Amino acid sequence: MNAEGDEVYEYLARTSKDHGFEVCVQHLVMTGCLDAAFAGRLAGYLYDQDQADMGLDTGLLHDIGKYSEEFQRMIREAYDEQ
1 MNAEGDEVYE
11 YLARTSKDHG
21 FEVCVQHLVM
31 TGCLDAAFAG
41 RLAGYLYDQD
51 QADMGLDTGL
61 LHDIGKYSEE
71 FQRMIREAYD
81 EQ
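Residue numbers (our numbering): 1 to 82.
Wrong hints could be hidden among the right ones.
Straight line, CA to CA, 20 Å or less: simulated SDA-like cross-link-like pairs of lysine to any residue [as the list claims (entries may be wrong)]:
(1) K17 - D80
(2) K66 - H19
(3) K17 - R76
Derived DEER-like restraints, expressed as beta-carbon distance ranges [claimed, not checked]:
(4) R14 - D53: 44 to 54 Å
(5) H19 - I64: 17 to 27 Å
(6) D48 - M74: 31 to 41 Å
(7) L42 - Y11: 24 to 34 Å
(8) Q72 - D48: 32 to 42 Å
(9) E77 - D53: 30 to 40 Å
It is worth saying that the hints were derived from the structure and are not from the lab.
If you're wondering where the values come from, they're calculated on a predicted model, not measured in any experiment.
Built from N, CA and C at the ideal position, the CB exists for glycine as well.
Construct the complete structure from the given sequences, taking the supplied hints into account.
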């Protein structure tokens with residue numbers, strides 16, 4: 001629930017029996033940050049901001065399909081079966 005008392009739906013990205021679940025926004029931001037760091041260095045020894053920006057965008061969007069109702073139903077069923 002949020003501060004107003006409304007129920008908040010968290011979209012799940014990953015789940016495991018040992019570690020519980022990871023929500024999409026957390027997963028996408030972490031991946032985006034890692035991709036930005038790696039992509040910024042791909043040009044060689046000098047840091048390339050344009051490539052870092054593309055890496056960030058790619059990381060943020062790479063699992064956007066996990067926001068679909070079909071995926072959420074599947075991952076929640078899999079989590080319940082564990």
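task: Return holds or violated for the Cβ distance of D48 and M74 against the range 31 to 41 Å.
output: Because 38 Å falls inside the window, the suggested range holds.
message: Holds or violated: K66 and H19, Cα atoms, limit 20 Å.
response: This hinted pair holds, its Cα atoms lying about 19 Å apart.
query: Holds or violated: are the alpha carbons of K17 and D80 at most 20 Å from each other?
result: Holds, at roughly 10 Å.
field: Restraint check for K17 with R76, where alpha carbons must lie at most 20 Å apart
entry: holds (12 Å)
- prompt: Is 32 to 42 Å right for how far apart the beta carbons of Q72 and D48 are?
  reply: holds (36 Å)
message: Range first: 17 to 27 Å. Now tell me if the beta carbons of H19 and I64 are that far apart.
response: Given about 23 Å between the Cβ atoms, the range holds.
field: Assessment of proposed distance window 24 to 34 Å (beta carbons of L42, Y11)
entry: holds (30 Å)
task: May I ask you to test the hint 44 to 54 Å on the CB atoms belonging to R14 and D53?
output: violated (25 Å)
- request: With respect to the beta-carbon atoms only, verify the hint that E77 and D53 lie 30 to 40 Å apart.
  value: holds (37 Å)
The structure shown violates just one earlier hint, number 4.
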